[in-house]
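Build out the structure end to end from the sequences listed, making use of the hints.
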Amino acid sequence: MPDPPARDEDLVRRYLSGDRAAFAALVERHERRVYNLALRMTGREEDARDAAQDAFLTVLRKLSSFRGEAAFTTWLHRVTVNACYDLLRKRQRAPLLERGDDDLPALEPPPAPDHADTSSLSMDVQRALLQVPEDFRAVMILHDVHDLRQEEVASIVGVPIGTVKSRLHRGRIALARAMGIEQQERVLEDPKGPPVAGGPPGAAPGDPRSGERADAAGSSDGTVSP
Amino acid sequence: MSHPEDLLADYVDGTLDERERAAVDAHLLGCARCGAEVRQAEAARAVLSEFEDVPVPFGVTGPVLAEAGRRFERRPGVVWGRFQWAAGLAAAAALVVVVALNVGGEDARNAAAPERTTAVAGGTGAAGGAEAAIPGAIPFTGLERQTDVNYDEAGIRAVANDAAGAVLAAEDARGTQTAFAGAVQGSKERTDLARDCVDRSGVRGPNDVLIRLIEARFEGTPAFIGVFSEGPGAGQAPDHIVVFVVATEDCRILSTASQRIPPG
Numbered sequence: 012m013p014d015p016p017a018r019d020e021d022l023v024r025r026y027l028s029g030d031r032a033a034f035a036a037l038v039e040r041h042e043r044r045v046y047n048l049a050l051r052m053t054g055r056e057e058d059a060r061d062a063a064q065d066a067f068l069t070v071l072r073k074l075s076s077f078r079g080e081a082a083f084t085t086w087l088h089r090v091t092v093n094a095c096y097d098l099l100r101k102r103q104r105a106p107l108l109e110r111g112d113d114d115l116p117a118l119e120p121p122p123a124p125d126h127a128d129t130s131s132l133s134m135d136v137q138r139a140l141l142q143v144p145e146d147f148r149a150v151m152i153l154h155d156v157h158d159l160r161q162e163e164v165a166s167i168v169g170v171p172i173g174t175v176k177s178r179l180h181r182g183r184i185a186l187a188r189a190m191g192i193e194q195q196e197r198v199l200e201d202p203k204g205p206p207v208a209g210g211p212p213g214a215a216p217g218d219p220r221s222g223e224r225a226d227a228a229g230s231s232d233g234t235v236s237p
Numbered sequence: 049m050s051h052p053e054d055l056l057a058d059y060v061d062g063t064l065d066e067r068e069r070a071a072v073d074a075h076l077l078g079c080a081r082c083g084a085e086v087r088q089a090e091a092a093r094a095v096l097s098e099f100e101d102v103p104v105p106f107g108v109t110g111p112v113l114a115e116a117g118r119r120f121e122r123r124p125g126v127v128w129g130r131f132q133w134a135a136g137l138a139a140a141a142a143l144v145v146v147v148a149l150n151v152g153g154e155d156a157r158n159a160a161a162p163e164r165t166t167a168v169a170g171g172t173g174a175a176g177g178a179e180a181a182i183p184g185a186i187p188f189t190g191l192e193r194q195t196d197v198n199y200d201e202a203g204i205r206a207v208a209n210d211a212a213g214a215v216l217a218a219e220d221a222r223g224t225q226t227a228f229a230g231a232v233q234g235s236k237e238r239t240d241l242a243r244d245c246v247d248r249s250g251v252r253g254p255n256d257v258l259i260r261l262i263e264a265r266f267e268g269t270p271a272f273i274g275v276f277s278e279g280p281g282a283g284q285a286p287d288h289i290v291v292f293v294v295a296t297e298d299c300r301i302l303s304t305a306s307q308r309i310p311p312g
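Chains as they are written, first to last, in my numbering: chain A, 12 to 237; chain B, 49 to 312.
If you're looking for bench data, these hints aren't it; they were derived computationally from the structure. Being a predicted model, the structure only gives us computed values, none of them experimental. Glycine included, C-beta positions come from ideal geometry on N, C-alpha and C. Accuracy of the hints is not assured; some may be wrong.
[Stated by the list, open to error] Sample of chain A residues at the chain B side, in silico, Cβ under 10 Å: (1) ASP30; (2) GLU39; (3) ALA63; (4) LEU186.
Structure follows, in structure tokens:
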């Protein structure tokens, strides 16, 4: 019976103890996940390549300070998301949804994705995804694409779980709108519509974070007022 | 009207408990806004869940592994001693290290250069004459076929160590051409294929010069082993050896090794 694969944390220890092959094993194990996360975040193969390399190099530099308080995969995801943020900042690609809710139909076309995943549905989704603010996009990709639990996503992006729930919901709505899945009805009591990337009614336009509720988890007591 | 925004993500995920779900259902009956949001969120979640991973292109992790090799080698206490050296020679039993030709100094160097460029058509990197002018330069002579040799990590480190020793020997042996040559040479087509495979891994730096190429197996997997000398450029002697092992089937990186060349 073959030995079970070594745990990530054991590979880290082995590398730090002088087993150079252990780092290569870590890279091989996680390169697909890291690259695809970066690809969904940036939408471009070249950017994903750069972000993935930056992430692994950061891991390499900081491996000796990895204490194992969090799972290695959590740390690796966090480093990758941060590498994407850094790269996107450098590229100065301002998210196009950072504007008022009612401006949504006038969205300019985002940069076209150029990666190998060229099915028309995937391209359309990726194009729409690039219009969702980065913080919301990261949460959606980690949870809805990579199937990570909300608790782990919260740990990766460093926000309370209530904020994850909020970003997840708002990000999904922003994505649907960017794909042309429009809201079918609007209630008269709220003519501004739902608080998507621009925040709730009354929030400052242009601040996608203004609609977040960091304490959402604490208020989730099931009490709903219809 | 208060909207249950805190619960809608979990509602769409289907992770609410029965009581919470019933409360949201009751709210949705009377709230068109939340109903529309839920439909949009469900649609978005559905399309995201259909995303499939794409394969990692060649060359993404090569530079990372190369850097890992350099860092590892710089760590205190990492010294390849005589044991590894001996292991390398044993692992490369089929290898013939040719301390080639000659004795004739300049004439022999000039004579060797055209032969090399003929043998490795389509090659990249410094031209033969320029290589020969650099201290420690080792000309690439072609693909060595060692298909009956199965390398492991120690064997690859030994190859790096071996190459570092050869560079030092070349620096010492001025007027003598040092080169690696296999007992069985690959064809030009096979050599070009192997070079292309190693290059596609994206590991080659601007000052890396291919000095040796082996076709063998690595831990059972058919592989090409590319050995590069790496230096600061500008005619200075190489100061590192970097070895990359790629699978012959798809050119993915299987392993790396590096070895510092001590100043001569």
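Structure-based check of each hint:
1. ASP30: holds, 9 Å
2. GLU39: holds, 8 Å
3. ALA63: OK, holds: ALA63 (chain A) within 10 Å of chain B, min 5 Å.
4. LEU186: Given a least distance of 4 Å, the restraint on LEU186 (chain A) holds.
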